[in-house]
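> In case you want the letters, here they are:
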Amino acid sequence: MSERTTKQRETEETTDADAKGGDGTPTTVTSGATSTVRALENAGIETMFGVQGGAIMPVYDALWGSDIDHVMMAHEQGAAHAADAYNVVSGRPGVCLATSGPGATNLVTGIADANMDSDAVVALTGQVPQSMVGSDAFQETDTTGITAPITKNNYFASDADTVGDTVGEAVALAGSGRPGPTLVDLPKDVTNNETDRDPGMPQTPETYTPQEEADADAVETAAHTIEAADRPLLLFGGGVVKADASEEARAFATEYEIPVVTTMPGIGTVPEDHDLCLSWAGMHGTGYANMAINHTDLLIAVGTRFDDRLTGGIETFAPDAEVIHVDIDPAEVSKNIHADYPLIGDAGRVLEQLHDALPEAPDADEWREQCQTWKTEYPMGYATPDDEPLKPQFVVEALDEATSDEAIVTSGVGQHQMWASQYWTFREPRTWVSSHGLGTMGYGLPAAIGARLAADDDEEVVCVDGDGSFLMTVQELSVAVREDLDITVAILNNEYIGMVRQWQDAFFEGRHMAAGYSWIPEFDKLAEAFGARGWRVDDYDEVADAIEAALDYDGPSVIDFHIDPAENVYPMVPSGGANDEFALSEDQL
Amino acid sequence: MSGGLEGPPPEERASPDGRRNSQGIRIDPEVEAEPESRRAVLSALVQHEPGVLANVSGLFRRRQFNIESLTVGPTTDGDRARITLEIDEPEPGIEQAKKQLQKLVPVIAVTELEPDAIRRELALIKVDGSAPDQVGAVAEMYDGKTVDVSRESVTVEITGSEQKIDAAVETFGRFGIHEIVRTGTAALERGTRKTT
Ligand SMILES: Cc1ncc(C[n+]2csc(CCOP(=O)(O)OP(=O)(O)O)c2C)c(N)n1
Ligand SMILES: [Mg+2]
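Line by line, the protein sequences give chains A and B.
Last residue of the first sequence: 589 (full-length UniProt numbering), numbering continuous.
Last residue of the second sequence: 196 (full-length UniProt numbering), numbering continuous.
I should point out that these hints are in silico values taken from the structure, not numbers from a laboratory.
Just so you know, even glycine gets a beta-carbon here, dropped at the ideal spot from N, CA and C.
Take these hints with a grain of salt, some might be off.
To be verified - Over 10 Å on every C-beta distance to chain A, these chain B residues come out as not near it, computed from the model:
no. : residue
1   : P9
2   : D17
3   : K103
4   : E112
5   : V138
6   : T159
7   : A167
8   : L188
As the list claims (entries may be wrong) - Per the computed footprint, the stretches of chain A lying under chain B, defined by three or more beta-carbons under 8 Å from a beta-carbon of chain B, are:
no. : stretch
9   : 140-149
10  : 202-210
11  : 281-295
12  : 370-379
13  : 565-576
Said to hold, decoys possible - Which bits of chain A does chain B cover? Going by a derived footprint, with three or more residues having C-beta under 8 Å, they are:
no. : stretch
14  : 306-317
15  : 334-348
Could you put the whole structure together from the sequences, leaning on the hints where they help?
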């Protein structure tokens with residue numbers, strides 16, 4: 001990536017990782033393990049993330065001499081999150097590796113996270129030899145059993161001859177249709193056993209046939225409904241990003257001049273500074289997006305699963321709206337919100353179909369004006385009084401300012417995540433990388449590592465983290481240093497698990513039970529101890545310089561922004577409330 | 001605490017009157033009644049491989065579908081098995097259950113059977129052995145047969161619809177039931193109609 005700088009190992013000529021082979025030729029299949037690696041090569045996998053251990057050692061050994069790069073992570077959870085972010089940023093499957101038992105269970109959080117956010121993550125786990133399965137052998141866990149509810153599909157490989165096909169299928173399945181995580185459990189006898197069968201190109205199972213194109217009559221009817229709508233509203237979800245359908249989504253919105261709100265995972269599908277874009281809706285979404293959701297008479301929802309953080313109470317969600325729901329997963333349609341017009345298919349393809357079927361834009365001048373009025377009525381903003389500590393929103397805007405439109409932002413979970421998504425103006429898909437459905441604190445730093453390896457060199461990678469979230473996966477900083485990854489971690493440090501503190505203030509009469517850190521490490525020094533660069537910022541006038549220095553530094557850097565610990569996130573729709581009931585301050589909750 | 005924003009407060013916002021029910025369907029709150037549940041028989045053709053049954057039953061548990069019975073067995077194709085499920089759910093729940101089932105990768109096809117489909121369950125009922133003749137007579141009444149007799153007990157085998165078995169169990173109750181086992185419903189479409 002860049003020249004090594006402060007690393008102590010500067011004098012060493014080569015590291016093990018450099019010695020590892022890769023001469024441009026595919027791996028020769030001699031065993032289940034080499035067949036596994038060959039299947040990954042056939043699938044075009046270039047990078048994977050993992051941690052070694054007994055039961056997975058044959059697979060690791062087979063990587064010696066393969067062109068696939070392996071990033072040795074500090075913790076398997078980090079490997080799963082890195083693979084996840086790698087997928088979000090590149091659109092290609094992210095692969096993670098772990099040994100049996102604790103290695104596999106450490107992956108679980110990351111797999112569950114990928115499952116909730118429909119990310120194509122492939123997990124390969126070692127397993128004890130089949131002769132010992134069921135005997136409570138050392139480091140044996142029922143990995144396929146544990147992960148069945150949180151994978152799109154999982155596999156227990158039982159034969160060296162077919163393990164490569166299985167791994168290929170797991171990769172192909174993860175990325176097709178509605179993406180999601182898959183897992184292959186690899187017993188050590190299977191990977192050790194001899195075979196010379198080249199697994200060939202990866203294939204999805206024959207019986208797996210997602211519908212790409214919506215029924216033509218249904219499209220026709222839906223198009224008429226759009227044309228007749230008075231208050232049409234587009235709702236773009238993460239499915240639009242997954243389907244690489246931003247272009248179709250933008251074209252549809254602008255041609256028919258239909259206002260757009262996104263979900264949080266849908267951020268970046270349309271430029272947030274576009275006139276038609278009302279930004280994202282939901283619990284901490286903008287007031288104007290939530291007003292629009294509540295007042296639309298036709299919600300055209302694409303690639304969203306109507307999560308409760310978006311809908312609030314089901315009874316009051318878009319109560320006057322008919323719903324057109326475009327999704328590739330039929331099970332999402334009418335799961336939470338009834339679809340009057342279900343359109344099953346690929347987001348981009350169905351948007352094209354709708355486009356072809358829709359001759360005229362709906363007559364919605366008044367509605368568009370109304371949406372603009374809400375924008376001015378409910379502006380996002382914050383004050384920066386001199387006598388109060390640094391405001392986190394200011395830091396987010398300063399970071400946005402200092403980086404390009406293509407910069408990639410990862411985050412932890414909590415208030416900082418909300419400020420990052422509210423005050424960063426996203427313009428491109430696959431630039432907002434966060435843990436939405438599972439809400440996993442600790443996602444941000446390993447995600448930045450995965451994102452860095454997937455992104456182009458000129459795209460900055462910034463992790464907007466919380467102090468609490470950072471502490472959950474901080475060990476991955478060692479990986480960023482070892483791999484010399486140019487990432488910038490901006491900690492919005494309120495010395496609180498702030499989102500919990502906010503709820504305690506609003507709903508638990510201010511009893512801050514287990515929410516405050518009475519002591520917290522000095523993150524700038526911690527960063528330096530890891531071999532990264534660190535800064536601490538307390539005042540407004542230091543913000544820009546620190547950001548510039550951190551972005552300039554060609555390696556991992558951490559800025560510890562000490563922000564106003566009392567700052568809260570608004571707007572806020574109380575859980576289960578109507579979208580238009582968002583509070584603008586604590587006394588409205 | 002700070003971080004407040006500007007704008008009209010919640011009580012000053014005009015809110016639409018519309019409503020949805022708990023299934024997310026738009027309704028007239030004046031007339032809406034609680035959605036009624038019904039019994040549905042689902043048949044799933046699945047890959048005959050380890051873990052499928054656990055996966056299917058796990059799915060129904062974790063999504064809180066009300067499952068009444070579940071049976072599984074091989075088909076003539078060694079690679080495929082058939083699972084019959086009976087569920088009790090309001091209409092949207094039945095649709096959801098079908099879709100979620102279909103979504104499992106090893107599940108090849110799912111259908112809901114017609115109300116007149118052939119449904120059969122098998123029960124083995126072990127009752128007290130003091131009146132074997134009377135037990136035999138009742139078994140005959142239910143087209144069942146005595147399959148085991150000992151000094152202490154008589155065991156009868158009954159097949160039929162769930163209702164018939166329920167009725168038989170009740171009747172046998174007067175002899176004193178020692179043990180009972182029921183298989184749950186297996187079902188196929190009638191005539192030329194294909195099940196999946
Ligand atoms: C793994 C995990 N544990 C607990 C939670 C519950 N939780 C949600 S937000 C939050 C506070 C996060 O603190 P921090 O990272 O400092 O972010 P802040 O809200 O202060 O910005 C907690 C504990 C979670 N989301 N994930
Ligand atoms: Mg915090």
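> Hint by hint, note whether the structure agrees.
Hints and how they fare:
1. For B:P9, the requirement that its beta carbon stay farther than 10 Å from each beta carbon of chain A is not met, with the minimum near 6 Å.
2. Residue-level check failed: B:D17 sits 7 Å from the nearest beta carbon of chain A, not beyond 10 Å.
3. The non-interface label for B:K103 is inconsistent with chain A: the shortest C-beta to C-beta separation is roughly 5 Å, within 10 Å.
4. The beta carbon of B:E112 sits about 15 Å from the closest Cβ of chain A, which is more than 10 Å, so the claim that it is off the interface holds.
5. With a cut of 10 Å on Cβ distances, B:V138 stays outside the contact zone with chain A, its closest approach being about 44 Å.
6. The claim that B:T159 is not at the interface with chain A holds, since no C-beta of that chain comes within 10 Å of its own (minimum 32 Å).
7. Look at B:A167: its CB is around 38 Å from the nearest CB on chain A, clear of 10 Å, so calling it non-interface holds up.
8. The beta carbon of B:L188 sits about 21 Å from the closest Cβ of chain A, which is more than 10 Å, so the claim that it is off the interface holds.
9. Restraint check on the stretch 140-149 of chain A versus chain B: 4 residues with Cβ-Cβ distances below 8 Å, three needed, restraint holds.
10. For the stretch 202-210 of chain A, the stated coverage by chain B is satisfied: 3 residues place a CB nearer than 8 Å to a CB of that chain, which reaches the threshold of 3.
11. As drawn, the stretch 281-295 of chain A meets chain B at 4 residues by the rule of a beta-carbon pair under 8 Å; at three or more, the given contact holds.
12. Counting residues of the stretch 370-379 of chain A whose CB lies closer than 8 Å to any CB of chain B gives 3, which reaches the minimum of 3, so the coverage claim holds.
13. Evaluation of the coverage hint for the stretch 565-576 of chain A: fulfilled, as 6 residues show C-beta separations to chain B shorter than 8 Å, against a requirement of three.
14. With 5 residues having a Cβ less than 8 Å from any Cβ of chain B, the stretch 306-317 of chain A passes the three-residue criterion, so the hint holds.
15. Residues of the stretch 334-348 of chain A with a Cβ under 8 Å from some Cβ of chain B number 5, which satisfies the need for three, so the listed coverage holds.
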